[in-house]
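Enquirer: Letter by letter, the chains look like this.
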Amino acid sequence: MSITIIQVVLTVCIALIAVYMYIRLRSGGWLDIMLIVLFFLAGTFFVLFPETTNDIAHFVGVSKGANLFLYTAILFLFFLILKLYSRLRRVEEKFTEFVRNKSLEEAEELERKD
Amino acid sequence: MNDNRSIFVIIPCYNEAKVVRQTVTGVLEKGYTVVVVDDCSRDGSKKQLSGLPIYYMRHRVNMGQGAALQTGIDFAKRKGAKYFVTFDADGQHDSNDIPGMVEFLEKENADIVFGSRFLPGAQTNVSRSRSFALNFGRYINFLVSGIMLSDSFNGLRLLSTTAAEKIRVRENRIIHPVEILLLTASKKLKYAEYPVKIHYSAYSKAKGLKNKDGIRILFEIVLYKIFG
Chain B
1 MSITIIQVVL
11 TVCIALIAVY
21 MYIRLRSGGW
31 LDIMLIVLFF
41 LAGTFFVLFP
51 ETTNDIAHFV
61 GVSKGANLFL
71 YTAILFLFFL
81 ILKLYSRLRR
91 VEEKFTEFVR
101 NKSLEEAEEL
111 ERKD
Chain G
1 MNDNRSIFVI
11 IPCYNEAKVV
21 RQTVTGVLEK
31 GYTVVVVDDC
41 SRDGSKKQLS
51 GLPIYYMRHR
61 VNMGQGAALQ
71 TGIDFAKRKG
81 AKYFVTFDAD
91 GQHDSNDIPG
101 MVEFLEKENA
111 DIVFGSRFLP
121 GAQTNVSRSR
131 SFALNFGRYI
141 NFLVSGIMLS
151 DSFNGLRLLS
161 TTAAEKIRVR
171 ENRIIHPVEI
181 LLLTASKKLK
191 YAEYPVKIHY
201 SAYSKAKGLK
211 NKDGIRILFE
221 IVLYKIFG
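Chains as they are written, first to last, in my numbering: chain B, 1 to 114; chain G, 1 to 228.
Straight-line distance between alpha carbons at most 30 Å, and here's what the computed BS3-like set of lysine-lysine pairs gives: (1) B/K102 / G/K18; (2) B/K94 / G/K207; (3) G/K166 / G/K79.
A short list of chain G residues far from chain B (calculated; beta carbon distances all over 10 Å): (4) A17; (5) D43; (6) P99; (7) K107; (8) R128; (9) A185; (10) A192.
Incomplete in silico selection of chain B near chain G, CB under 8 Å: (11) E93; (12) T96; (13) S103; (14) E106.
Honestly, the hints are just simulated from the structure, not real lab data.
Just so you know, even glycine gets a beta-carbon here, dropped at the ideal spot from N, CA and C.
Please take these sequences and the hints and turn them into a complete structure.
Expert: Below is the structure:
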């Protein structure tokens, strides 16, 4: 089995992401660590044996593994944007309440002084 | 008979130093209680208001007109307001319309009265293109809220205590008028429209909504419908 440059690059990237996730989730339990290991093993497996993704793609009715990956990636990114946007709205609402309460307090204070 | 002091006129203000004093003075002359919510102006608007018998509040961060209105309504509620008027700072509204709106609200037993520049009896110098954009906007508003007003984006409104209690503006920026309409529908508030005078000056034209903002408004409405 010969390994191409892109396979090396992708494997290194997956390893770095796994390490980063591990550092971020250091306080996490065994489940988190298992998920990271699973991510690393699955990612590396599909990079080293890309033809297996074709089998999965054919199984679900997609012509190529790369296409299947693209479709799932787009769906995942779309989901992520929705999650981030709704979180942003919640943060903005909380921030607005904070600014509002502050100005209400200050107005009351100003009135007491007068 | 209403005591004008129990009618709170809420004026959101963002960088309106040139006109805000004139606007506020015009309202004060009628004996109404004025709440100016300064949305973090940087042009010395606060200085222009010095010495006037008003409630002055300031957002430490610019949050948008919708947020400023809600802050003013919250404050007026604390002060025991009987009626809440939303009023633009740029001088396009006329405080002479307020008594008629109050009378109309009481007569119609409504919870909220929307000012309209397009009803018979209204006076406006609105341009043809703006008129067209506003007309388009009212159909969009109808599609999303089920309420067909003659004027889709008029900032002059009168709210009863019931409306002020039930309407909570969460849209800080451009589409808060649409949100108020949506809440009027969803909270089953009784609404009415009243002809008002809108005077566009070169200043208010430069400051207010532009026709091209329509696209942004449409986009924001879609987002509001998904996430709001």
